[in-house]
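With the hints as constraints, model all of the structure from the sequences given.
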Amino acid sequence: MGTRSVALVLLAAVLLQALLPASAAEGLVRIALKKRPIDENSRVAARLSGEEGARRLGLRGANSLGGGGGEGDIVALKNYMNAQYFGEIGVGTPPQKFTVIFDTGSSNLWVPSAKCYFSIACFFHSRYKSGQSSTYQKNGKPAAIQYGTGSIAGFFSEDSVTVGDLVVKDQEFIEATKEPGLTFMVAKFDGILGLGFQEISVGDAVPVWYKMVEQGLVSDPVFSFWFNRHSDEGEGGEIVFGGMDPSHYKGNHTYVPVSQKGYWQFEMGDVLIGGKTTGFCASGCSAIADSGTSLLAGPTLTQSSQAIITEINEKIGATGVVSQECKTVVSQYGQQILDLLLAETQPSKICSQVGLCTFDGKHGVSAGIKSVVDDEAGESNGLQSGPMCNACEMAVVWMQNQLAQNKTQDLILNYINQLCDKLPSPMGESSVDCGSLASMPEISFTIGGKKFALKPEEYILKVGEGAAAQCISGFTAMDIPPPRGPLWILGDVFMGAYHTVFDYGKMRVGFAKSA
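In terms of mature numbering (1 follows the signal peptide of the UniProt record, and there is no 0), the sequence shown is residues -24 to -1, 1 to 491.
Think of the hints as simulated: they come from the structure by calculation, not from any bench.
Take these hints with a grain of salt, some might be off.
[Stated by the list, open to error] Derived DEER-like restraints, expressed as beta-carbon distance ranges: (1) 482 x 99: 41 to 49 Å; (2) 376 x 397: 16 to 24 Å; (3) 99 x 390: 54 to 62 Å; (4) 426 x 99: 44 to 52 Å.
[Unchecked claim] Here are the simulated DSSO-like pairs of lysine-lysine, each with C-alpha atoms no more than 30 Å apart in a straight line: (5) 427 x 237; (6) 164 x 145; (7) 91 x 187; (8) 11 x 164.
All C-beta atoms, glycine included, are put in the ideal place defined by N, C-alpha and C.
Okay, structure coming up:
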């Protein structure tokens, strides 16, 4: 090849590089996310859906996540009503457009089906029409995802899925033919694209992300989330497949290894309020980074975790649900509990000694009710504790923390009474005074030995505008039942403040301050 030919080839390469979009040149695929402000209608629908789910599921909770791999398994018992960030994908050839939640807390892709005839919710959303796609492949295997608010039923199909500029071939997904009316009728999204691991995929379907990597569509097996917390409406951020955008974060990421595949799960350390340790999770707690959950949630199946959520809401002045059982425990048994702690009685046995729980060898459970784990099935029925037993175990945790700070007994009992007034509802939220943000403390979480602080403006969600505006706490109680839980859920409240990297190649999760 002559010198002139080489020069022309080089010139063509330079021109091609200049004409390519920046994302293509970087080897990145960008999906714009839209942010929807939380509105009162969605809050009401979420609350009604949550209450109905609680009646159906009992102690397992409508706002919980679960794990599964078979038909009908509970894989995502959470309420998507307050989810704020959505993106667009295409299914089929030519692509049929759907708005989906990119959800790191589940692993299946599902969209409404044109064969959904009897669920009104389907008629409010885009529906997949297999007859209009030249790349459709029939599968037909039945599928059901059990939610706290009902179930999504349908069947598996295979087709091409377009994500940004990428076309994922032969992707297995669920055509939903039945959707619970209230939840999805008012939802702003059509379906969900799960970005979790195959271990929690219904029907053991291969997730979209796995297919991207297997088909060589991304140069690096990494994806990252950036939520634009500064925007009021419109573009709410980006999800980047194949790497990360340096303009989305400041400094370096702190990485922690994935401790268990299923969710993007890792170990978390101490929780701090106003820079002071609470002692909760000091010996370690399991947590997940979950883009499909708006708030930051602590489990209630562990009494210490429910205690810390309550304590956080008390410190920021949140008004929760008054627990008469908690106040009764403090008034009738508070001094006795304190005396037993001072006598160095094993904390896990105290509530059984005062007669509010029975001791099963590990912790207290309500008298006459067993704590059962079915080892063969790999499932747990959960800790079936009554309200008085729960309140007692929370009081023990709170009192331990106060005694460690050398508080007097009178101060401790008064403080515990105040905490009782701040108990959050697992199905609702706690509200705060919008004018008090300046006086609220920072709440910090220890990850990889580093403290990640949330400022009041980052953990308080504003609903409405002007005189009608309300502010709600970003901290709530939410459960993932055993065997996968209990887990802390670091949802959009945390991921909005910290750019999050999901490194599939090195099995790790990374966090850096969002730009």
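Range agreement (Cβ of residue 390 with Cβ of residue 99, hint 54 to 62 Å) | Given about 56 Å between the Cβ atoms, the range holds.
Mind checking the hinted window 16 to 24 Å against the Cβ distance between residue 376 and residue 397?
-> Between residue 376 and residue 397, where Cβ atoms are some 20 Å apart, the hint holds.
Within a Cα-Cα threshold of 30 Å, do residue 91 and residue 187 meet the stated pairing?
-> holds, 26 Å
Does residue 427 pair with residue 237 here, judged by a C-alpha cut-off of 30 Å?
-> holds, 24 Å
Please test the hint of 41 to 49 Å on the beta carbon pair from residue 482 and residue 99.
-> With Cβ atoms ~44 Å apart, the hint holds.
Does the structure keep residue 164 and residue 145 at a Cα separation of 30 Å or less?
-> holds, 27 Å
Starting from the hint 44 to 52 Å, judge whether the C-beta atoms of residue 426 and residue 99 obey it.
-> holds, 49 Å
For the pair supplied as a hint, residue 11 and residue 164, confirm whether the alpha-carbon distance does not exceed 30 Å.
-> holds, 11 Å
Taken one by one, the earlier hints all hold for this structure without exception.
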